[in-house]
Amino acid sequence: MAAPGPSQEPEPREHYLNASYGIRSWLLTKDHKRIALLFLASITFFFFIGGLFALMIRLELMTPPGDLFTSATYNRLFTMHGVIMVFFFLIPSIPAVLGNFLVPMMIGARDLAFPRLNLLSWYIYSIGGLFTMAVVLTGGVDTGWTFYTPYSSTYSNSQVALTVVGVFITGFSSILTGLNFIITIHKMRAPGLTWFRLPLFIWAHYSTSIIMVLGTPVVAIALLLVGLERLLHIGIFDPRLGGDPILFQHLFWFYSHPAVYIMILPAMGVISEVITCFAHKRLFGYNFVAAAAVAIAVLGFLVWGHHMFVSGQSMYAGMIFSFLSFLVAVPSAIKVFNWTATLYKGQIVYSTPMLYAFGFIGLFTMGGLTGLFLATLGVNIHVHDTYFIIAHFHYIMVGGAVMAYLGGIHFWWPKISGKLYPEGWGRLAALIVFIGFNLTFFPQFILGYLGMPRRYHAYPDEFVVLNVMSTAGATILGVGYLLPLVYLIWSMRYGKSAGSNPWNAKGLEWQTTSPPSTENFPITPVVTEEAYNYVPEPIGHG
Amino acid sequence: MSHHVIPRRVYFVIAALLMLLLAATAWVAELDLGRLSVVAALGIALVKALLVILYFMEVRYSSRLSWIVAGAGFFWLLILIALTMSDVLTRTAVTLPAE
Amino acid sequence: MAESATATALAHQFDDLEQQREAGYLGMWTFLVTEILFFGGIFTGYTAYRALYPEAFAIGSHHLDYWLGTINTAVLILSSLTMALAVHASQLGRRRSLIGFLAATMTLGTAFLVVKWFEYAHKFEIGWIPGPDFAYRGPHAPQVELFVSFYFALTGMHALHMVVGLGILAVLLVQARRGRFSSEYHSPVVVSGLYWHFVDIVWIFLYPLLYLIGAHH
Amino acid sequence: MFPFPTFPEAASSIASSIDLLYLFLVGISLLMSALIFLCIFYFAIKYRRGSRADRSGIRHHSLAIELVWSGIPLLSFLVMFFWGAWLFYDAYTPPDDALQIYVVGKQWMWKIQHPEGRREINQLHVPVGQSIKLTMTSEDVIHDFFIPAFRVKKDVLPSRYTSLWFRATKTGSYHLFCAQYCGTNHSAMIGQVVVMEPAEYQMWLAGGPPAESMAQAGAKLFERYNCNTCHVGGGRGPLLADLFGSTVALENGQIVVVDEAYVRESILLSAAKVVAGYQPIMPAFQGQISETGVLQLIAYIQSLGGDSDSAQP
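Same order as they appear, the protein sequences are chains A, B, C and D. According to the working numbering, the residues represented by the first sequence are 4 to 545, in order. According to the working numbering, the residues represented by the second sequence are 3 to 101, in order. According to the working numbering, the residues represented by the third sequence are 136 to 352, in order. According to the working numbering, the residues represented by the fourth sequence are 130 to 442, in order.
Honestly, the hints are just simulated from the structure, not real lab data. Check each hint, because a few of them may be wrong.
Unchecked claim - Mimicking EDC-like on lysine to aspartate or glutamate, the simulated pairs with C-alpha atoms at most 16 Å apart in a straight line are:
hint, chain 1, residue 1, chain 2, residue 2
1, A, K190, C, E153
2, A, K190, C, E170
3, D, K235, D, D269
4, D, K240, D, E268
5, D, K402, C, E254
6, A, K190, C, D151
7, D, K299, D, D183
8, D, K175, D, D219
9, D, K262, D, D219
10, D, K262, D, D388
11, D, K402, D, E380
12, C, K258, C, D268
Input sequences plus hints: build the corresponding full structure.
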């Protein structure tokens with residue numbers, strides 16, 4: 004149904020992909036679109052490395068005793084999984100790939116404000132990535148991605164310093180990306196493109212950039228202090244001196260909680276674009292959805308202490324943080340309701356990106372609702388540090404952010420590559436990912452309430468059935484992720500020509516050729532209408 | 003930023019003020035003000051920082067946006083310190099200040 | 136505006152020099168915001184521990200060299216003045232005074248680092264270095280060691296920023312000598328000036344927080 | 130219904146109230162997600178492209194609707210917050226009549242000592258129906274004492290005391306887990322909580338190798354470290370009788386309660402908070418007395434009298 008046919012329109016003779024050739028033309032490019040593709044390649048690499056670790060974790064957990072790996076190895080597996088997935092895949096995923104590609108195009112600009120910084124951002128990311136790969140190859144790190152002191156600063160015998168340096172460096176990549184987006188969105192919008200005509204993808208990236216710029220430096224300094232404590236005995240968190248390990252947790256979560264919003268806000272932006280396009284309708288409550296993005300970015304900074312309810316943080320602070328955590332749930336709820344309302348009286352097409360968007364809303368809703376359990380103080384005591392929390396944040400980060408990332412990649416693939424992906428395979432993969440995901444992570448909610456702690460290499464026998472289910476789901480999920488890799492690469496060569504606007508979508512990025520020229524637009528576009536100004540089509544058409 | 007060029011005199015006046023305030027900081031530290039000495043020291047430092055930001059960094063002559071950006075940095079720092087201290091200071095309710 | 140100068144100075148993604156200038160200015164401010172929070176992380180730790188261990192922090196502070204700290208503060212304020220004058224010169228397109236003030240700023244910055252060097256050397260001499268060999272054995276020794284950790288973390292991070300700042304100024308100096316800057320194009324000087332002043336502001340807070348706890352003498 | 134457990138056993142006084150709140154949240158969640166999912170399915174089918182459904186009168190915004198669907202969740206969130214905060218307060222505020230047991234965590238075992246002196250490792254024996262307060266500390270990294278069947282959990286920190294309390298309601302044996310990742314054998318830092326009838330518990334306490342009570346052990350340490358030269362007469366240090374739980378004034382004018390944390394700090398970092406009128410001449414015992422030893426000294430000082438109930442953070 005409604006899969007776009009091959010375009011009659013001829014492909015542009017010159018575009019950003021063939022404007023120049025050779026490895027130098029890529030490694031020294033200042034074109035935001037090429038840098039986006041550099042990021043796409045790098046984060047895909049890290050995604051599958053991180054995924055491999057996940058698969059090994061699940062294989063170990065098929066049986067209660069720790070029989071496949073030693074506990075030291077197992078601890079390294081889950082730590083590397085977390086570090087790579089959080090810092091090297093999820094945080095850069097949508098902003099550095101789709102954001103880099105689309106932010107200038109959506110606002111009618113020729114490039115980001117600071118193209119050289121943008122390239123630098125990729126190099127910094129890559130250097131951080133090399134450090135992390137060096138860690139993987141020299142024995143790994145076993146602190147958990149949270150690096151809690153004093154284990155990380157004093158007791159661990161693994162590559163903590165190297166990892167911390169890698170993450171520290173990568174943080175600057177994130178800061179530079181955020182900085183670039185903020186300035187670009189402020190200063191380089193096309194004539195007529197006022198703030199309330201911006202696509203929500205832009206609002207989402209603006210909010211995300213705020214978090215990147217304000218949060219990242221704090222985790223950077225916290226990790227640097229851990230590194231200094233290990234190497235130079237600058238013992239700021241050392242309990243033997245009266246140092247406070249909980250202080251590290253404050254500094255760590257000041258960034259790392261908002262970091263979840265770095266992952267989910269751009270995902271929400273993608274969903275707003277996809278839903279309006281495939282419901283062929285303006286977004287319901289545009290102003291509220293835009294304001295909700297900013298509200299999430301700001302309120303998201305006030306809730307970090309909900310990671311520390313049982314940590315020895317004061318009861319009083321716990322109550323403040325719990326209360327604020329409930330407040331940040333409101334804008335998220337607003338977004339879900341508005342997306343649902345957008346479907347009402349739309350003209351809905353079940354394309355692959357739309358299937359991912361449906362999946363996103365479902366999984367994000369479940370992730371968000373279980374977040375309420377964790378914000379609720381009394382219940383948090385029991386489920387804290389159990390598989391309940393693992394399930395919850397995978398529903399947000401994988402069910403939410405990764406679903407949206409895949410949806411976005413499919414949605415803009417015609418623009419990025421100039422080719423259509425095979426629609427049938429796309430829908431199949433979306434379905435497999437959805438089923439595999441739920442089978443993997445839903446049982447973990449039950450496991451968590453039963454009391455199975457996280458980061459356990461071996462576990463009591465009564466938890467085995469649910470763990471086997473989870474492992475089975477993970478293999479299905481793995482297949483679901485490999486499929487797009489195969490058919491998207493296939494389509495680059497054999498896909499049908501897409502034409503500039505295969506989805507009949509609104510938005511400036513669809514007004515230029517696919518793939519676009521290096522300068523994006525032949526002449527600077529002028530905007531005269533609101534975002535998503537879809538006109539209902541006559542009934543019976545199509 | 004604007005094309006506004008500040009007269010050189012302003013820079014010298016500000017620098018002189020900063021030196022005076024430096025002397026004031028050192029002088030206040032000599033007084034035994036108890037808890038107030040922290041407040042005084044930080045208050046003077048804040049005034050010095052504001053002078054640098056407004057005149058040397060020319061924020062006073064810049065767009066509203068740069069006010070917001072500069073303010074956001076300090077505001078977020080305040081959030082970080084305030085909420086962290088909400089834990090640190092209330093962790094054990096046993097230490098009472100002297101009346 | 137000279138047509139050729141504009142063409143070389145304007146990057147392709149911008150419409151005009153004004154847009155480019157504002158982007159650079161805001162970009163640096165945004166970067167400084169990240170710097171505020173970077174130092175802010177250590178300041179938060181400092182605040183927490185000073186509230187918990189006021190006596191130890193006072194002892195630690197008394198052992199720092201009050202006069203060196205004060206002199207260095209004055210040196211940095213002066214360097215901010217010369218930096219502001221350098222920016223002023225660049226705005227008016229006065230190349231020679233731009234070069235002069237940049238050189239003066241670098242001299243003052245270097246003077247600051249030299250003083251810092253002597254201060255650090257003295258700490259190493261008397262063994263006030265965090266770690267198993269921490270020399271102080273008096274009351275509150277562990278918490279005094281915490282204070283010294285903060286001293287090194289904060290001043291070290293600040294000194295590192297000074298070194299970076301000197302590097303930036305060196306590049307500006309070379310470019311200024313080659314005549315890169317004019318009254319139309321001088322954003323790099325303005326933007327680097329912002330950075331330099333920021334580093335000065337950090338020290339303005341470090342000075343009372345590290346050197347002036349409790350009454351002296 | 131299922132060939133595997135789906136709900137944990139509830140064996141403490143607060144377990145059922147936490148379960149009730151949990152089920153309330155499950156109910157709300159089911160309701161909310163059912164509402165959203167049904168809407169999505171219904172709209173996606175009814176308004177699929179090309180369907181003949183009526184699409185007249187499309188609206189793109191409505192302040193009233195926005196206020197309703199932000200207001201109703203906000204109200205229900207407030208209910209969750211207050212209910213949760215109330216339970217949290219209960220779960221972390223031990224009753225006055227609680228029996229003290231001391232826990233020291235180290236990589237990777239739980240060392241437990243009962244006041245009467247019996248020690249155990251990775252096992253905790255408690256009487257049913259009696260409130261138990263655990264005073265916990267760690268010798269190395271952060272651990273976490275977690276008993277799923279009791280729905281209680283608290284991090285165990287180095288150089289600090291945290292506490293946890295519960296009242297078991299059912300005899301039996303329950304899992305004890307370390308829930309805060311603590312290094313290589315984290316998943317082996319597990320054990321059993323054995324809940325017994327009070328009489329059995331008394332027998333169990335009396336059984337095992339003959340042991341001195343914690344206070345007696347503390348008294349021996351008190352002598353071995355020559356604490357008595359200053360703290361028993363002599364006037365160089367404060368007298369310790371009837372001290373525990375009372376308040377003392379410090380040199381700097383602060384008033385502190387003499388509780389576990391204060392005694393611990395005064396032993397290990399003796400100069401930190403010196404009582405007004407005394408010189409900071411006491412040596413710091415950090416690195417010389419084990420955490421267990423400190424707990425025994427505390428038990429000894431408690432045994433010298435004083436209002437031991439009032440002192441607990």
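Tested hints:
For the given pair, A/K190 sits about 10 Å from C/E153 by alpha-carbon distance, which is consistent with the 16 Å threshold. Of the pairs offered as hints, the one joining A/K190 and C/E170 is violated, with about 22 Å between alpha carbons and a cut-off of 16 Å exceeded. At roughly 6 Å between alpha-carbon atoms, D/K235 and D/D269 fall within 16 Å of each other, so this suggested pair holds. Between the alpha carbons of D/K240 and D/E268 the distance comes to roughly 10 Å, so the proposed pair stays at or under 16 Å and holds.
Note on D/K402 and C/E254: the hinted pairing is violated, with a Cα-Cα distance of about 31 Å set against a maximum of 16 Å. Taking the CA atoms of A/K190 and C/D151, the gap is near 11 Å; set against the 16 Å cutoff, the hint holds. In summary, the hint linking D/K299 to D/D183 is not supported, as the alpha carbons are separated by about 61 Å, beyond the 16 Å threshold. Our distance criterion of 16 Å between C-alpha atoms is broken by D/K175 and D/D219, whose separation comes to about 50 Å.
At most 16 Å may separate the alpha-carbon atoms for a hinted pair to count; D/K262 and D/D219 meet this at roughly 13 Å. Between the alpha carbons of D/K262 and D/D388 the distance comes to roughly 14 Å, so the proposed pair stays at or under 16 Å and holds. Distance restraint check for D/K402 and D/E380: the Cα-Cα separation of roughly 8 Å lies within the 16 Å cut-off, and the hinted pair is therefore satisfied. Distance check on the hinted pair: C/K258 and C/D268 sit about 13 Å apart at the alpha-carbon level, within 16 Å; holds.
The structure fails to meet hints 2, 5, 7 and 8 from the earlier list, while all remaining hints are met.
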